[in-house]
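Here is how the chains run, residue by residue.
Protein chains: 2
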Amino acid sequence: MTYFEKLSAIRKQMSEQQIDAYIIPSSDPHISEYLPDRFKCIAFVSGFTGSAGTLVITQNFAGLWTDSRYFVQANDQLKNTGFELVKLKTQGAAEYITWLTEHLEAGNTVAFDGKLASVYVAKQLIDQLQPHKILINGTVDLLDRIWQDRPALPKEKAYILENELVGESIPEKISKVREAMKKFNAGYHLVSSLDDIAWIFNLRGSDVKCNPVVLSFALVEPAKTTLFINGNKLVQGDKEMLEGQGVTIVEYDALEEALRQLPAGETVLLDPKRTCYAVYTQIPQYERVIETLNPSTTLKACKNDIEAEHTRQTMVKDGVALTEFFKWLEEQLGKEDLTEIGIAEKLLAFRQKQHDFVNESFDTIAGYMEHGALPHYKATEQSNAVLKEEGLLLLDSGGQYKTGTTDITRVVSLGSTTDAERMDYTLVLKAMIEGSTAIFPKGSKGYQIDAITRKPLWDRLRNYGHGTGHGVGFFLNVHEGPHVFNTANIDIAIEEGMITSIEPGLYREGRYGIRIENLVLSVRDQETEFGEFMAFETLTLCYIDTSLVDKTLLDQKHIDWLNQYNNMVYERLSPHLDATHQQWLAHKTAII
Amino acid sequence: MTYFEKLSAIRKQMSEQQIDAYIIPSSDPHISEYLPDRFKCIAFVSGFTGSAGTLVITQNFAGLWTDSRYFVQANDQLKNTGFELVKLKTQGAAEYITWLTEHLEAGNTVAFDGKLASVYVAKQLIDQLQPHKILINGTVDLLDRIWQDRPALPKEKAYILENELVGESIPEKISKVREAMKKFNAGYHLVSSLDDIAWIFNLRGSDVKCNPVVLSFALVEPAKTTLFINGNKLVQGDKEMLEGQGVTIVEYDALEEALRQLPAGETVLLDPKRTCYAVYTQIPQYERVIETLNPSTTLKACKNDIEAEHTRQTMVKDGVALTEFFKWLEEQLGKEDLTEIGIAEKLLAFRQKQHDFVNESFDTIAGYMEHGALPHYKATEQSNAVLKEEGLLLLDSGGQYKTGTTDITRVVSLGSTTDAERMDYTLVLKAMIEGSTAIFPKGSKGYQIDAITRKPLWDRLRNYGHGTGHGVGFFLNVHEGPHVFNTANIDIAIEEGMITSIEPGLYREGRYGIRIENLVLSVRDQETEFGEFMAFETLTLCYIDTSLVDKTLLDQKHIDWLNQYNNMVYERLSPHLDATHQQWLAHKTAII
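Each protein sequence line maps, in turn, to chains A and U.
First residue of the first sequence: 1, per this note's numbering; consecutive thereafter.
First residue of the second sequence: 1001, per this note's numbering; consecutive thereafter.
Please keep in mind that the hints were generated in silico from the structure rather than gathered at the bench.
Take the hints with a grain of salt, since some may be wrong.
Away from chain U, derived, C-beta distances all over 10 Å, residues of chain A [stated by the list, open to error]:
#	residue
1	L7
2	G50
3	H103
4	T139
5	T292
6	H376
7	Q448
8	N489
9	T580
In the SDA-like style, the derived pairs of lysine to any residue whose C-alpha atoms are separated by at most 20 Å in a straight line are [as the list claims (entries may be wrong)]:
#	chain 1	residue 1	chain 2	residue 2
10	A	K133	U	K1123
11	A	K183	U	E1102
12	A	K442	U	K1239
13	A	K183	U	D1127
14	A	K557	U	Q1556
15	A	K87	U	F1530
16	A	K557	U	L1554
17	U	K1123	U	G1092
18	A	K182	U	Q1128
C-beta atoms are modelled at their ideal positions from N, C-alpha and C, and glycine is treated no differently.
Work the whole structure out from these sequences, hints included.
As structure tokens, then:
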């Protein structure tokens, strides 16, 4: 079926069912960012493979709403599909709802599949469309009939991590979740988000590419905890271990019935942004629902000492793999045909040599020259560029290790560089250093770190269209909340133990892209008469290319930081490198 | 009546009326920050005279919730009143509601005077207390019976400003408000906030100290505009002028009846944070109420070219007065007895010599040595310090001119200075310069400017407990929204034409306080491939004392800014100064 045929087939069903607009969000029943194949509905319908977007289909119009990260990609992928790109003004905003209010009439019906929409999004739809007397139906899946070889739910195996690895037992975690429930007087807590469940039950798997999570739901009560999971996923030993720790295991698809059977007059706590509408609507109307952040999201974000220490060790392993990779790249360039896809595979191979490595934490972005200007570029067979001895290469990659998750971006020059490239690179580096060295009062928010990081770029009338940083899990999702460093007014304090990326960038369309990214751990700094202050400990260990630095654009404090950082990289990695790699890294990390 | 007797009298009435907790907010029927004497209820009941706070009275407890700006003052003023200070964690938050939920029982009644609570606060109360089955009564004034000489509503005269002064006619402004109403499909717009009304009708008066506003309400409809105002306030000519421009004038106290008589099925737009609950509850239940920022608040914040130009000229007048004052101060120090109150009066006298000067824009804060450490200090007869030839003097003052509103803080040394003082002063100056020279993408928010301003202080483990800046009106309130530069996640973009203060500080309890404040105008900067950028034009014209500067703590760019700023002050003010003042200012603004 071509995309045009799919669109026609959807429109035909819409006519039959008297649906005037059909919405396809990018999501799954767990409101995941990365989706199991079964829920890659937008790619199936329109060909667009970006990680964020919404399709809206009427009889006269078919559009994809997505944000600036994906404008170029969407323009490309939507060619000859019948869909057109609608550019979001604000990343993540449901701006298509306004479009619906402007293009539909009273009495029209808007439909979507409640499994793919969060409670939050569904309520926004209802709140904004109902005043216009537009009807909403959240129970319609128009894809199932036309998606003949639709993938089944993943059946991958799952496993429980040892306490020594994660530093906290399942009962300890459940007990903390229960404490939080008490504050809300909540008798039930429904957990739908896979990373929250993974954290609570020390459970990992491979149901979603790059995210070591397991399709499941959980229902926590004061005296009972139920894990809804396909029973075949767990080995008997893990099942017994879970049951021994007070966890009742029930089949994955039994959740909805369990919700319908809740005793009357109960209070159910759930996260409206991480619970799907289809599940939510199974909770009987007579229950009181408290909509708030999952308590485990906040708990999970603050890594304990053991998680932090394991992550530090993981950075050594990742740094060794990266050092081996960059040395290999430098030496092979010009000798063999290197492509974006080829080097990403080679980098994976280096990581795979490291102990406890499981998988990539996301698809490697190897963006050569103009491809680097696409912040979320993923090389395809068509686009796959051959590397030459010139231009900038942007490499954003990460690993899932049983001992932690990594995410790092470096830019290297493959030949001679221009003044413009050096200036942009140096300003991005300056921004990264400003963020990394920030000292800030306890209670500060991500938007404050974001502003401090961007300032060196703003000063030179430069900026980047993405956030400055995202939370990172412990052997879990590479994007995890609740904290984030970006320009939005998100009121989440930076807490001790949070791991976040700092990754400013600059993108020159058609020419090159620059992004430099480290992960940092939030730590306490000093307390003075003005209060408690916090700072960041840089975790990532990989040399920063100094050949691209224009020292005249940096203050001495930035040069000092760069030299100290590169020296630390050498000191920590060299014990794990052979002599030729040590020598090569010593050269790369030489003081400037 | 002593404060204890007042508290007893209130408690007696509470018993009689079966009220378990009585709340007294700091407000008036227009939700003003500065209050007419009639509504200074907290001062009447507890003696506390700060501009922000809430009293909560039960039979066993009486407390004042206020924020860190007022901790010292409240501790002092509440002595022997029966009230105790409860320290707010977040400025402006209604934290007493949590206290009520913890200290009251189901079936208890909480009462307040709906004239003193915004719709927003009243709804917070209802939303948070109702789940605890606590009853709420918003129609109880327990003060009227015990406040025997309670001041009447002010009867001051009001007047209309010429179009040449404000740059925009009343019909033009009403037409813009109507356009905004259209977007909400609102047939009625109730305006309660006095500065909004003053702006819409180019109306000024002196009903509230330092704020040139007039007690009034307005009701805007698509084809009719009603101003509710005491008819004696306006001269016949102004009345006729208003009526000639389509404004119907009705008595102030006719508003509530007008609301009760609204035709059924209408849509009423109002600002829940700037409309009192008593007025709100007069709107019949069958109306649809849209709660949003008053459109005039956003319109008013962006000064037109004429307002901006008048403000620039006003800064010259204010700067001349300040120059004369600081020269006088320097020369009289040691010769006559100077006190905090005395110098504030003298400064007022200098301002009064300036054309179009009307009044102070707020009570001058003249804080000598340790008094400077109280950000909202106001000298009383008891505290009034005598100035000696030593220590730091903090002077925060402003003027209302028909041509604009000023607000400026300077710190000067009256004798020798210590290293610690110079370091703190220089770091505050550095922060002020960082904020003033910020370049930022169009659409940036106040919290971003706030972070950039604070960074030089954070870097040295220092901070201040107040915001970095507030909006300032055009011959209107010295504090005006919707924009603000502070740490809170307030999602208001900085627009072209906004006037805001930039006023970082440092406070050493018991020793000294430092704050340096200029007003800045938001202006367009350049547009690049990364988008449109904005910057600030500094408006305030008064030399910054360089004798306190430690150059080693500044980068060259800060020193350059300081020299250029002081030079600009000299260039703009000297044509309006006599030779001796020119000479004195030349010395003060000499390059460092």
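Now for the hints, and whether the structure bears them out:
1. Once the 10 Å rule is applied to beta carbons, L7(A) is consistent with being away from chain U; the minimum gap is 33 Å.
2. No beta-carbon of chain U is positioned within 10 Å of the beta-carbon of G50(A); the least distance is around 22 Å.
3. Taking the minimum C-beta to C-beta distance to chain U, about 17 Å, the non-interface status of H103(A) holds against the 10 Å cut.
4. With a cut of 10 Å on Cβ distances, T139(A) stays outside the contact zone with chain U, its closest approach being about 29 Å.
5. Look at T292(A): its CB is around 14 Å from the nearest CB on chain U, clear of 10 Å, so calling it non-interface holds up.
6. Every Cβ of chain U is farther than 10 Å from the Cβ of H376(A); the closest lies at roughly 18 Å, confirming the non-interface assignment.
7. The Cβ of Q448(A) sits about 4 Å from the closest Cβ of chain U, inside the 10 Å cut-off, so the non-interface label is violated.
8. Not every C-beta of chain U lies more than 10 Å from that of N489(A), the closest at about 4 Å, which undercuts listing it as non-interface.
9. The claim that T580(A) lies off the interface holds: its Cβ sits roughly 41 Å from the closest Cβ of chain U, which is beyond the 10 Å cut-off.
10. Simply put, K133(A) and K1123(U) have alpha-carbon atoms about 27 Å apart, too far for the 20 Å limit, and the pair is violated.
11. Restraint check for K183(A) and E1102(U): satisfied, since their Cα atoms lie roughly 12 Å apart, inside the 20 Å limit.
12. Taking the CA atoms of K442(A) and K1239(U), the gap is near 55 Å; set against the 20 Å cutoff, the hint is violated.
13. Note on K183(A) and D1127(U): the hinted pairing holds, with a Cα-Cα distance of about 17 Å set against a maximum of 20 Å.
14. Annotation: proposed proximity of K557(A) to Q1556(U) holds, straight-line Cα distance about 15 Å (limit 20 Å).
15. This hinted pair checks out: K87(A) and F1530(U) have alpha carbons roughly 16 Å apart, not beyond 20 Å.
16. Between K557(A) and L1554(U) the alpha-carbon distance is near 14 Å, which keeps this suggested pair within the 20 Å criterion.
17. For a cut-off of 20 Å, the pair hint linking K1123(U) to G1092(U) stands: about 15 Å separates their Cα positions.
18. Note on K182(A) and Q1128(U): the hinted pairing holds, with a Cα-Cα distance of about 17 Å set against a maximum of 20 Å.
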